[in-house]
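Chains as they are written, first to last, in the numbering used here: chain L, 1 to 349; chain U, 1 to 349; chain Z, 1 to 349; chain Y, 1 to 349.
Do not take every clue at face value.
[Unchecked claim] Using C-beta positions, here's what the derived DEER-type ranges look like:
| no. | chain 1 | residue 1 | chain 2 | residue 2 | range |
| --- | --- | --- | --- | --- | --- |
| 1 | Y | ALA66 | L | PRO224 | 49 to 57 Å |
| 2 | Y | ALA66 | L | PRO200 | 53 to 61 Å |
| 3 | L | ARG314 | Z | ALA66 | 26 to 34 Å |
| 4 | U | ASP289 | Y | ARG256 | 29 to 37 Å |
| 5 | L | PRO42 | U | ASP289 | 28 to 36 Å |
| 6 | Y | ARG256 | U | GLY302 | 57 to 65 Å |
[Unchecked claim] Listing some non-contacts, in silico: residues in chain L with all C-beta distances to chain Z over 10 Å:
| no. | residue |
| --- | --- |
| 7 | PRO31 |
| 8 | TRP55 |
| 9 | PRO62 |
| 10 | LEU192 |
To be clear, the hints were calculated from the coordinates, so they are not data collected in a lab.
Quick reminder that beta carbons are idealized off the backbone N, C-alpha and C, glycines included.
So the chains spell out like this:
Protein chains: 4
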Amino acid sequence: MTADETRIPVAVLGATGTVGQRFVALLDNHPWFEVRELLASPRSAGRAYYDAADWIVPAPRPAGLAGLTVRPVGAEVDSDLCFSALDASVAREAEHQLARQGKLVCSNAGSWRMEPQVPLIVPEINPEHIELLESQTDWQGGIMCNPNCSTIGLTLALKPLQDRYGLARVSVVTLQAISGAGMPTTRTLGMLANVVPFIPGEEEKLEREAFKILGTFAGDGVIPASFELAAQCNRVPVMDGHTLCVTVELEEEARRDELLHTWRNFGGMPQDLELPSAPDPAIEVHEDDASPQPALHRDAGGGMTVHVGRIRERSPREWMFTTLSHNTVRGAAGGSILLAELALATGRF
Amino acid sequence: MTADETRIPVAVLGATGTVGQRFVALLDNHPWFEVRELLASPRSAGRAYYDAADWIVPAPRPAGLAGLTVRPVGAEVDSDLCFSALDASVAREAEHQLARQGKLVCSNAGSWRMEPQVPLIVPEINPEHIELLESQTDWQGGIMCNPNCSTIGLTLALKPLQDRYGLARVSVVTLQAISGAGMPTTRTLGMLANVVPFIPGEEEKLEREAFKILGTFAGDGVIPASFELAAQCNRVPVMDGHTLCVTVELEEEARRDELLHTWRNFGGMPQDLELPSAPDPAIEVHEDDASPQPALHRDAGGGMTVHVGRIRERSPREWMFTTLSHNTVRGAAGGSILLAELALATGRF
Amino acid sequence: MTADETRIPVAVLGATGTVGQRFVALLDNHPWFEVRELLASPRSAGRAYYDAADWIVPAPRPAGLAGLTVRPVGAEVDSDLCFSALDASVAREAEHQLARQGKLVCSNAGSWRMEPQVPLIVPEINPEHIELLESQTDWQGGIMCNPNCSTIGLTLALKPLQDRYGLARVSVVTLQAISGAGMPTTRTLGMLANVVPFIPGEEEKLEREAFKILGTFAGDGVIPASFELAAQCNRVPVMDGHTLCVTVELEEEARRDELLHTWRNFGGMPQDLELPSAPDPAIEVHEDDASPQPALHRDAGGGMTVHVGRIRERSPREWMFTTLSHNTVRGAAGGSILLAELALATGRF
Amino acid sequence: MTADETRIPVAVLGATGTVGQRFVALLDNHPWFEVRELLASPRSAGRAYYDAADWIVPAPRPAGLAGLTVRPVGAEVDSDLCFSALDASVAREAEHQLARQGKLVCSNAGSWRMEPQVPLIVPEINPEHIELLESQTDWQGGIMCNPNCSTIGLTLALKPLQDRYGLARVSVVTLQAISGAGMPTTRTLGMLANVVPFIPGEEEKLEREAFKILGTFAGDGVIPASFELAAQCNRVPVMDGHTLCVTVELEEEARRDELLHTWRNFGGMPQDLELPSAPDPAIEVHEDDASPQPALHRDAGGGMTVHVGRIRERSPREWMFTTLSHNTVRGAAGGSILLAELALATGRF
């Protein structure tokens, strides 16, 4: 990354973790944004970035950041736009402080997602929720959130169905990659060649966030969507890419060809505005039996494409399918960057 | 294994594959049976067993078999009891031939499972189906089958619920280990850190076999159970142990304590007769959030215990849970041996 | 891949396996070559390519080949240039037949590598060995080979040291990825979370091929290099990318800065001629402790770059280092394509 | 574990990590010792043990400890014998404090290993070093250490050679399992299907600890062994079991049969005294090509057996072989327990 005066300087908080590294990798050579500040926990503060971060993203380390020193979360930030990959334990206070200081925070953390005045956005689905920023009158700046990594793939696959057929009832079983685990623990060591049928808080997050995202913006708030939704979340030994097995009961009957067409033609403001990180198409539909697979498909569209496959009819109103999305790109850093692009393109800063 | 004149000599067909090796390992020091013959494909025939078989079972290779030479499937068999781990492509004809020659074949292959006159048995569930052997009048011997590896865990978890509450509707998403894949293919190489959302024929097998096992024996045949059942089957990078995420709609309402009690007290003829391979209890119920896990629990009860955990109520009639069973022990070789034990204990040979 | 009359039509033999798929993926949009024929075992023959091949390369399947039907090895071939990823069991005869028929065969198989009249080439190291084609007077066409997947990384790392300091003695321990295993076997299933300290024939191949490649072309044959070389080869659960831990005793003393400079400036005809598949630089030297890693670095330079890191001095004449290369790209299909490019650029066809 | 007044009460420090869990699992039903106290970091303190520890040992959780509450390291300890699996960052001070208070500390941490007055013991190799406890006159109690997880396998394989032939020069390349990684970090997440060619400090530890263990006790100190030793250490995606590829140059010539005999007959005080955790034989020699493998052999002898295989001669004085040992049993908790057994059996407490 070369210095480029016309790009908007940004700060990345929580820069040394798996999602923070993804922010850094995705923002390298970004046409609109330039990473100028890296913040992380006190343990990393004061160290050169690549000494503090054990790089694990399968992409070269951006050369331009080799000279940056990590500063502690809580230190003064110059950039007006901040991407947060902070751990939930510190995110709420740190992001609040930045918002009060006039920064626009695009947060990947869970702390503010369900606050009524905070927009929780998947840009293809509910860009109009960004209006909620107007209700953040206590802060000079603002906070926008992208949802949890498993929610994004689910809601992107459901939205076209919701619009066309209505949703009555959804069951989802997740097979989630380990890169989304946040701070590694002893349990992480036990993930090799294993399945752990539990991710703390994940099922609840997936359920409540989906209702907010698929809900209706009503001027001063969001009326959550109302359909039945139940989730069983599992961790599997995959590095990146969440696979979700979904059963959906529609309110109206669907035909297979029509359903495929609905997914294939789904798009929204990111595609219309040709935002730099917008995948086109937003959804790739697979008709061969053995797709999608994390190892083969997660990187399509720079990791921003959502995949749908193994579409099977139980009845005209009940369908099963598998959806896959890259959890640290579309489901985290990339989703957050796309949101910032939407905000910039629609004049939010 | 030392020669022991009082044990019944048995042959293992398909002895070099993952299930064949499990047969050999489980029959080492078995109190009733002794492996005397090993048969496999022509490629392996004529070689010493441990030269022909790349041993991959995490248990010592039975020393007593080091001297046995593998013979080709189709060769004359002396033993009256045969365990078959043959690949589906050759199982049908080879097993048929043995049955006509007067052998009792305990088959782990899929070829004969759905034939009306062939019993498909999980000994705790439907031991009375063994009566179907009487209708195999064309053969001097007989064929008995254990179901597909994923069906066994599912049906063992469902049977107590069926008996107590009735089953209206079942959805299952499987996370299946690679040792069940049979003959490895190029796709096997791609399983590392990956999920493949498709196993050829598995969803169909799981659905139709479950109905037969949970069906009613009616003197001259089995009336299949009737409830709704839908499956989505995935391969995950786990060596042994199939994890199944189940949602079940009961015909009557259940209370949590009662449900747990029902599973914990489930048992059948194998436990009553104290068969050598019968686990006690048959089902282990886990109440901590992170269980069951393949790496931690698959080997309980010598790999014969079925695990149930993450039991959650959606409504008194709708429940979600996770079940785990060892696919090459309980779900294959061990299940087949338990069936042979049942046959012997009930005077079938 | 669009039809392009100016490109040279090529055939890929053994097109359904892991290396065959790599050939197909790497030749998609190749500026000089175009895949027109796909051949494989009789089992795959007659099927559409993507039905016959379980695609496992983490790159999109070239759309242009969807319509191609696989033909059996031994069938008539039209293309003058043939890439062979055949299994050793059939390669010798099949490649021989093509050479007699006037085809130029770039072979990745081991069958012909050590024949005196067959050049065994890593284009950066010993391009002059291509002259051996002249001695293949019995055939209208010819056979050229690239070495075994583990040999390529080793010899590319050693060549600059050989030229500058001379080699006295080399020890190498390999940690090899599973994609190089060729036909998957039962043992492949046992590779999950495991190490297998043995790869049949690998240590012998690595040793004898290295001497031929690093040997001297003497007009009518190759005088093998003479230094001590010992290898211990292991399979590890990595999808792609062979890691080699090397200890080398030089004939002359080296200084660290000089050594690094020697590797960094290494290049040869592929770089001079700017061949399409030539990486630049050929060798990437890593100075941070935790590099190179297969997951992070194997894809650099399109998978053609060889990595050297963890360079440590035991004495001025004895050095330890780690080298990494992509086994199915640089170590197989990519190496073969680079060799064909060299042949074309130097007027061999 | 039931209360048993005749067993010696012990405390486990660092009880929630992978090695701490192994201590707990191995001490369940130990004939001499009984776990009565569990200590860990302040984060875990005050919680029930199985709430604080994400159990990842593939063995049932000892039922008797379900009621124990974790106390913070630094709290008063009642037991006279303490097993320490503490992280290096806190081990030195915490163990020192216990020793001054009169406790005998069997430490698995690296903090005190190289102190001249602290015995560093592999009970089969250098039991006489336990005399060093006499020189710990400043403390009422004492500290004994077992070596680093990779050192144990290496030194056990080398000791019989040292005694019989003398050691001139040893090279070792390690393929180490992830359970030995201590506190998991971001890099741990990146270990899936990857190799990391670096473990901080490991090569230095392996080299210096081996010299101390294989050194000579000289009344008031240990004279380190003197031979050339160089190590290259790698982390591989294996859960448990370190594989080491060794090349050794002996001082005297060896014959293959003699060498095998030397390893097979190796034993020492643990075997002579029939200590509860002593494996018999101490070393298992494998003559088939594909052994030893972590997945198949690590658990032999309860995880205490060391395996040697792939023994190949380069010359009568230079040999290559592969050795495998269970890193969290023989290489950590089990090694420490065996040391405590030795101390008790020889009247040290």
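#### Entry: Beyond 10 Å from each Cβ of chain Z, as asserted for TRP55 (chain L)
Non-interface label fails for TRP55 (chain L): nearest chain Z Cβ at 7 Å, not farther than 10 Å.
### Query
Cβ-Cβ distance between ALA66 (chain Y) and PRO224 (chain L): within 49 to 57 Å?
41 Å, violated
### Task
Please confirm whether PRO31 (chain L) is truly not at the interface, meaning its C-beta sits more than 10 Å away from all C-beta atoms of chain Z.
Non-interface label stands for PRO31 (chain L): nearest chain Z Cβ at 24 Å, farther than 10 Å.
### Query
If you check the beta carbons of ALA66 (chain Y) and PRO200 (chain L), does the distance land in 53 to 61 Å?
21 Å Cβ-Cβ, so the 53 to 61 Å window is violated.
### Query
Is the Cβ of PRO62 (chain L) more than 10 Å away from each Cβ in chain Z?
14 Å, holds
### Query
Would you say LEU192 (chain L) is clear of chain Z, with no C-beta pair closer than or equal to 10 Å?
The assertion about LEU192 (chain L) is violated, with a minimum of 5 Å to chain Z.
### Query
CB of ASP289 (chain U) to CB of ARG256 (chain Y), is that within 29 to 37 Å?
54 Å, violated
### Query
Is it true that the C-beta distance of PRO42 (chain L) to ASP289 (chain U) lies inside 28 to 36 Å, as the hint says?
31 Å, holds
### Message
Does the beta carbon distance between ARG314 (chain L) and ALA66 (chain Z) stay inside 26 to 34 Å, or does it fall outside?
### Response
30 Å, holds
#### Entry: Distance restraint hint 57 to 65 Å, applied to the beta-carbon atoms of ARG256 (chain Y) and GLY302 (chain U)
39 Å, violated
Of the numbered hints given earlier, the model fails hints 1, 2, 4, 6, 8, 10; all others are met.
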